[in-house]
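Asker: Now for the letters of each chain:
Protein chains: 2
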Amino acid sequence: MLHVGINGYGTIGKRVADAVREQPDMTVHGVAKTSPDHVAESAVAAGYPLYVAGGSGVGEFETAGIAVEGTVDDMVAESDVVVDATPGGVGEQNRPLYEDHDTPALFQGAEDASVAETSFNARANYAEAIGEEYVRVVSCNTTGLSRLLAPLYETYGVERARATLVRRGGDPDQYCRGPINDILPDPVSLPSHHGPDVQTVFPDLSIHTAGLKVPATLMHVHSLNISLQGDPTTEAVRDLLADEDRIFLVPEGLGLDGPGALKEFARDAGRPRGDIWENCVWAESIHVEDGELSLFQGIHQESDVVPENVDALRAVAELADAEESMATTNETLGMGI
Amino acid sequence: MLHVGINGYGTIGKRVADAVREQPDMTVHGVAKTSPDHVAESAVAAGYPLYVAGGSGVGEFETAGIAVEGTVDDMVAESDVVVDATPGGVGEQNRPLYEDHDTPALFQGAEDASVAETSFNARANYAEAIGEEYVRVVSCNTTGLSRLLAPLYETYGVERARATLVRRGGDPDQYCRGPINDILPDPVSLPSHHGPDVQTVFPDLSIHTAGLKVPATLMHVHSLNISLQGDPTTEAVRDLLADEDRIFLVPEGLGLDGPGALKEFARDAGRPRGDIWENCVWAESIHVEDGELSLFQGIHQESDVVPENVDALRAVAELADAEESMATTNETLGMGI
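For the protein sequence lines, the chains are A and B, in the order given. Residues in the first sequence are numbered consecutively from 1, following my numbering. Residues in the second sequence are numbered consecutively from 1001, following my numbering.
Be a bit skeptical, because a hint or two may be false.
For each label pair, taking beta carbons as the anchor points, the in silico distance ranges come out as [claimed, not checked]:
1. E235/A x E1331/B: 49 to 57 Å
2. I180/A x T1234/B: 29 to 37 Å
3. T1233/B x Q199/A: 41 to 49 Å
4. S1114/B x S114/A: 56 to 64 Å
5. G1059/B x G253/A: 42 to 50 Å
6. P1251/B x D173/A: 31 to 39 Å
7. E1264/B x D268/A: 37 to 45 Å
8. D1204/B x T155/A: 31 to 39 Å
9. T234/A x T1234/B: 33 to 41 Å
10. D173/A x P1196/B: 40 to 48 Å
Covered, in the sense of this in silico footprint (three residues per stretch, anywhere, with C-beta under 8 Å from a C-beta of chain A), are these stretches of chain B [as the list claims (entries may be wrong)]:
11. 1162-1169
12. 1202-1213
13. 1221-1231
14. 1258-1271
Think of the hints as simulated: they come from the structure by calculation, not from any bench. For glycine and all other residues, C-beta sits at the position ideal for the given N, C-alpha and C.
Bound conformation, chain A alone:
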């Protein structure tokens, strides 16, 4: 049984904890938090041993009436692997802590790629992370792009990929973010940094990306234009993507017109927190003409990396190969809506 410590219990950390708990070969050893707030209370209520990270100290948690097991140092020392789910940039500062305890660690996509030896997407390059000590699970957008590109790359070859990423301004709980009533090129300089991030997974891929931010919180939406080396039919590409476990081919005619309807659908399906781990590719949008593929996909920024973190844990701990790990993750989480 792999003992997993989770450092950071925010948007990603709490979801990874819940996903790890569902696995037959892993257990949540504990979660570490900096502040004794309502999220810390949720962690205790969920039954996770709580460790204290950062400045607050154990005393502050005890004053707040929140029981703790120890410090983040204790958690790292006691865990087989740590998932670092702290805010972007903090993971890099934490790496020496993991090194001190000889504890392998996963980092998240907001870290610079140099934080780890390998940038990881289960569908695209699981094998590269097997037995590695430090692995970075790529960001929500890069995960979404990698999952889509992997089968296209393998089946037809990709001459070039061009993507406009219409990004949500913030998550639903991030009330202090914007924009309001605006459409912001972000970053305004082109191509954006998202393309090079995809190249940490597909080093030889020609990919250019453009990013914008809009007043929405539910999902990102990607507009993709991909020149394939082959010239398949629209139906062949649709069938290829339909076969992917982590791609949900949004059917026509059911009114699943956008992120709002998709999230409602996921909530009705009983998904935890209404999460959608899969890429949502609108079937109707898939169009191939002279080897040029266009499509729209929705990416649930809060959750699509969650199954990837679970798989990365198995790769680092050498518990399973890609196929076996993804099958277990998919089955335990209930992938497929």
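Put chain B on the given structure of chain A with help from the hints.
Answerer: Only chain B this time, still in chain A's reference frame:
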């Protein structure tokens, strides 16, 4: 002096009326409206002779205390040219009225292209409209794309243009439109109808477009990817676009990061209604690599077609050639911020 009747006094009609009034060679003969509402009162307050269109009848206007000159039939009969600025689809129904009176007419881009002999953009194909009886001024998005493509097409040749149009959900006064907190592929099927509309101006251009709708009201933002036949430098393309009177090259470093800031800038500059007639191309976004140009541009959906309507009037009435007309329009409106 060209007597111009304006049928419809909404977003476009009222702006075209104000622009026509500024021209040395035209006068507003009158404007026609269907309802005796606050907009009708504004038209009278602005000094425009008011004519009654549609169902309400002269009596309703008189009951509301709004003085009218006659019916839309009278206006069409008395005018040299009519600008039809009625809602999409109504223009087509109005065409027999203009034919009955032998009055040439302009239609707007929400009409099907078949409503007129020529689809018009001043920069791209002014000459084709000279002396024509019925001309359609293309939509805000198509106007924005045509203005950008014309100099590229002439100077380098365009192998293919691919565009994602991140569209505002509605204008600021359209409170009943959406989306709220969503990012909607619209239309979800690809490529969208916007590309074929650009082909009404550039028949031989390979252009594919993808459209989305987001919760914003101020401007559309286009993400463009254009394969040129030549291979200019980034600076050469920037200089080329800077030379275009109806392109505003948004400078770096002034905080003009998006439509909100651009509109504020236009209001501070004293623009009527805060309008921005020009394409707003972010200079920093322009990037050319191996003949492939990427950039972002903002399009003010309420006003970019206004100077085009003025020029189309001159073309139809054979008052001037393209260069002379555009120069007069630009100078009288105060183009260039």
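Asker: Hint by hint, where does the structure go against what was stated? Just the numbers, ascending.
Answerer: The structure conflicts with hint 3 only, although it agrees with all the remaining ones.
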